[in-house]
Amino acid sequence: MSEYTIVHDAIQEADWFQNLSERLSDADISRLDDDAPEPVLEIASYDRPDIILLRDGDPVLVVEKTGHVPTGKNPLQRVARLVKAAELGVPGVFFVPYAAKKHGENASKTNLNHRAIQALRRIEEINETSMLIPPWPTDDDYELVHDGSEDELIGRFVEEFLRADCDPAVPAAEEIRAQSEAGAERILSEYAPYEKPPNSVTIQSTDTAVSRYDGLTGDGSFRTDRDETVVCDFKFQTRRTDPYIGSQFAYDYLYCRTGPTVRDRSRNLVLHMPKIDRETWLDYHPYKPGNKTSLWYACADALVLADDTLTDFAQFRQSDQGRLDGYR
Amino acid sequence: MTSEEQVYVWSKQLFRADDWTLLASDPPRGTDVPRLEIKEPGGAQSLTKNKNAVINDLVYCKDGRLLLVECKDDSAKTSMDVEKLNTLIGNRDWRESLITAMSGRSLFAKEGTPTVSAVRDGSALVPVLAYPGEPRPGLSQFVQLTFAQGESRVRIGDEVAPAVREGLRGLSS
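These protein sequence lines are chains G and R, in that order. Positions in the first sequence are counted from 1; adding 26 to them yields our numbering. Positions in the second sequence are counted from 1; adding 334 to them yields our numbering.
These are computed hints drawn from the structure, not numbers from a lab. The structure presented is a predicted model; accordingly, all values stated were derived computationally and were not measured. By construction, the Cβ of each residue, glycine as well, lies at the ideal position given by its N, Cα and C atoms. A portion of the hints provided could be inaccurate.
As the list claims (entries may be wrong) - If you anchor each label on the Cβ, the simulated ranges turn out as follows:
id: 1; chain 1: G; residue 1: Asp290; chain 2: R; residue 2: Ala410; range: 51 to 57 Å
id: 2; chain 1: G; residue 1: Ala204; chain 2: R; residue 2: Glu485; range: 14 to 20 Å
id: 3; chain 1: G; residue 1: Asp82; chain 2: R; residue 2: Gly467; range: 44 to 50 Å
id: 4; chain 1: G; residue 1: Asp268; chain 2: R; residue 2: Glu485; range: 38 to 44 Å
id: 5; chain 1: R; residue 1: Glu445; chain 2: G; residue 2: Gly130; range: 23 to 29 Å
id: 6; chain 1: R; residue 1: Lys373; chain 2: G; residue 2: Asp233; range: 51 to 57 Å
id: 7; chain 1: G; residue 1: Lys128; chain 2: R; residue 2: Glu500; range: 35 to 41 Å
id: 8; chain 1: R; residue 1: Val450; chain 2: G; residue 2: Asp82; range: 52 to 58 Å
To be verified - Here are the simulated DSS-like pairs of lysine-lysine, each with C-alpha atoms no more than 30 Å apart in a straight line:
id: 9; chain 1: R; residue 1: Lys373; chain 2: R; residue 2: Lys406
id: 10; chain 1: G; residue 1: Lys135; chain 2: R; residue 2: Lys411
id: 11; chain 1: G; residue 1: Lys135; chain 2: R; residue 2: Lys444
id: 12; chain 1: G; residue 1: Lys128; chain 2: R; residue 2: Lys411
id: 13; chain 1: G; residue 1: Lys128; chain 2: G; residue 2: Lys261
id: 14; chain 1: R; residue 1: Lys444; chain 2: R; residue 2: Lys373
id: 15; chain 1: G; residue 1: Lys128; chain 2: R; residue 2: Lys444
id: 16; chain 1: R; residue 1: Lys396; chain 2: R; residue 2: Lys411
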């Protein structure tokens with residue numbers, strides 16, 4: 027019996043990951059479901075990563091992989107899938123193209139949202155846990171390479187990582203960091219606004235935020251003694267989770283976090299949904315542990331709605347079962 | 335019961351072992367290589383879950399052949415796929431749409447892909463069904479990959495061209 031288990035969200039991802047290293051050739055393959063072992067469920071409690079590698083039952087690596095054109099909030103949503111791993115001290119890998127061709131009528135090269143790279147760097151720094159972002163290579167037309175050569179570097183990392191007793195500080199990791207740095211610099215050189223928050227996110231004085239939004243007081247985790255407040259404007263009108271629900275974690279680490287828990291913030295994090303009233307919000311987005319909508323209550327200090335502001339989230343929780351309160 | 339995901343992965347493993355080049359994919363869930371969206375020419379009739387487009391589960395090439403693969407978890411569910419592949423391969427306008435989609439993704443530059451003319455006249459195109467159990471009778475123009483009790487089986491229809499049959503020999507060995 028192998029010491030390794032590959033836990034997957036979709037089996038072809040396990041097939042891909044297993045083929046990255048001979049050392050995984052006899053690994054057990056297991057689907058991430060409700061019967062998964064407790065450490066797996068804990069890592070997946072914010073969102074489901076593509077791969078969780080276990081050694082003797084303990085998580086040792088988490089991998090997220092995407093070939094989607096990496097614009098907007100989509101990559102931020104995927105970053106969120108690595109947050110819990112980092113908070114638990116499990117290294118993460120985000121395999122993503124740094125540029126890819128967007129198809130359709132207005133086909134063009136599109137860069138990875140640089141804030142995804144920056145958020146992972148902050149997650150790594152704050153949690154003191156490696157977060158690597160190997161680029162999925164593209165050809166001269168910015169089409170993803172998928173002839174097998176794209177896996178050379180990440181495969182070498184996995185091989186070295188396993189050989190080094192699951193220590194991520196291996197030569198291939200340094201190579202990944204160098205490529206990541208070069209890619210990030212290129213993206214910023216082509217679109218400097220990535221250095222600042224997007225238009226939907228503003229950093230304002232807490233006094234201004236309190237005067238602007240009724241009900242924003244010192245209840246719950248919102249603190250008036252923090253000088254500044256980050257407000258994320260999410261203008262959806264109906265039931266939504268991704269990409270917004272994952273993006274809040276990225277914005278938290280980018281603009282608020284100073285330490286490993288949501289209490290460790292230099293700025294408040296407020297989500298502003300001006301097009302949904304309280305009744306609709308609670309109907310569409312119940313705080314029901316086990317339901318993904320409960321993540322709306324896992325990160326922010328306050329939710330500002332069209333007609334109300336929610337701050338003390340515990341009162342909305344519908345069940346005693348579940349994990350989310352443990353992280354507040 | 336064998337899931338469609340499992341059939342998808344078994345199919346991939348089979349093609350990988352015979353050095354076929356994966357050009358596009360649309361897995362039942364999760365991430366794989368980018369998909370190839372073949373737009374319906376002209377009209378609005380929908381043949382798949384994706385309105386006005388055909389997106390094959392797997393698209394492979396080797397030595398100038400293009401395999402269009404549909405995976406299912408049950409042979410009883412393959413009828414729509416038979417119709418879809420027959421339409422895609424048998425209709426000139428659909429083949430033009432396939433050329434457009436492949437060109438848009440620069441796939442004709444990949445090693446082993448067929449020529450544009452061989453896609454246009456259909457001679458390079460091979461319909462493939464993959465599912466658990468035993469091969470279906472009939473389907474003389476299809477290749478069927480079936481999986482039962484840990485074994486894979488490749489059944490090549492009687493009307494599949496000899497040259498194509500020869501090119502698929504490695505899959506069944």
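Structure-based check of each hint:
1. A hinted range of 51 to 57 Å for the beta carbons of Asp290(G) and Ala410(R) is consistent with their spacing of about 56 Å.
2. Checking the proposed 14 to 20 Å range against Ala204(G) and Glu485(R) shows it is violated: the Cβ atoms sit about 46 Å from each other.
3. Checked against the hint of 44 to 50 Å, the pair Asp82(G) and Gly467(R) fails, with Cβ atoms roughly 37 Å apart.
4. Roughly 40 Å separates the CB atoms of Asp268(G) and Glu485(R), a value that falls within the hinted 38 to 44 Å.
5. Between Glu445(R) and Gly130(G) the beta carbon distance is about 26 Å. The supplied range of 23 to 29 Å therefore holds.
6. Checked against the hint of 51 to 57 Å, the pair Lys373(R) and Asp233(G) passes, with Cβ atoms roughly 54 Å apart.
7. Take Lys128(G) and Glu500(R): their Cβ atoms lie about 40 Å apart, and the range 35 to 41 Å holds.
8. Under the hint 52 to 58 Å, the C-beta atoms of Val450(R) and Asp82(G), about 53 Å apart, fit the expected range.
9. Pair hint Lys373(R) plus Lys406(R) holds up; C-alpha atoms about 22 Å apart against a cutoff of 30 Å.
10. Note on Lys135(G) and Lys411(R): the hinted pairing is violated, with a Cα-Cα distance of about 39 Å set against a maximum of 30 Å.
11. Of the supplied pair hints, the one linking Lys135(G) and Lys444(R) holds, its CA atoms being roughly 20 Å apart against a limit of 30 Å.
12. Restraint check for Lys128(G) and Lys411(R): the C-alpha separation of about 33 Å exceeds 30 Å, so the hint is violated.
13. Restraint check: the Cα-Cα separation between Lys128(G) and Lys261(G) comes to about 25 Å, which is no more than 30 Å; the hinted pair holds.
14. Restraint check for Lys444(R) and Lys373(R): satisfied, since their Cα atoms lie roughly 21 Å apart, inside the 30 Å limit.
15. Pair hint Lys128(G) plus Lys444(R) holds up; C-alpha atoms about 19 Å apart against a cutoff of 30 Å.
16. Of the supplied pair hints, the one linking Lys396(R) and Lys411(R) holds, its CA atoms being roughly 28 Å apart against a limit of 30 Å.
Against the hints set out earlier in the document, violations occur for numbers 2, 3, 10 and 12.
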